[in-house]
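Chemist: Sequence:
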Amino acid sequence: MSNGKQTSISSIPSISERISTGKSSDKTAIEELKLHLGKQRIENNMRHNELIQMIKCGINNPVQAEVA
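So that you can map any letter, position 19 of the sequence shown is 20 in this note's numbering, and since no number is skipped, the others follow by simple counting.
One or more hints might be untrue.
What the hints assert, rightly or not - Quick list of the computed label-pair ranges, beta carbon to beta carbon:
#1 Ile56 with Ser26: 27 to 35 Å
#2 Arg48 with Ser26: 31 to 39 Å
#3 Ser26 with Gly59: 46 to 54 Å
#4 Gln54 with Ile31: 45 to 53 Å
These aren't lab readings, by the way, just hints derived from the structure by calculation. Treat the numbers as computed from the prediction; the structure is a model and nothing was measured. Backbone N, C-alpha and C fix where the C-beta goes; we use that ideal spot for every residue, glycine too.
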């Protein structure tokens, strides 16, 4: 399910911070942000697929009340 890693908003590279410190150009900062968001999307998709697979296998299914 979850590997315990939680990405906080503070871990996303700050474009304005990168520009103001002169560590990289705005284009580089934007590319780094795109890579970061792409990686995060892949990780989210993997977690989603794991949950779907668990549900299909019957794990985590809610108990169904019998209708009288």
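Chemist: State for each hint whether it applies.
Modeler: Now for the hints, and whether the structure bears them out:
1. Between Ile56 and Ser26 the Cβ separation comes to about 45 Å, which falls outside the hinted range of 27 to 35 Å.
2. A hinted range of 31 to 39 Å holds for the C-beta pair Arg48 and Ser26, which are about 33 Å apart.
3. Judged by the Cβ atoms, the range 46 to 54 Å given for Ser26 and Gly59 holds: they are separated by roughly 52 Å.
4. For Gln54 and Ile31, the Cβ-Cβ distance of about 35 Å falls outside the hinted range of 45 to 53 Å, so the restraint is violated.
Hint compliance for this structure: hints 1 and 4 are not met, and every other hint is.
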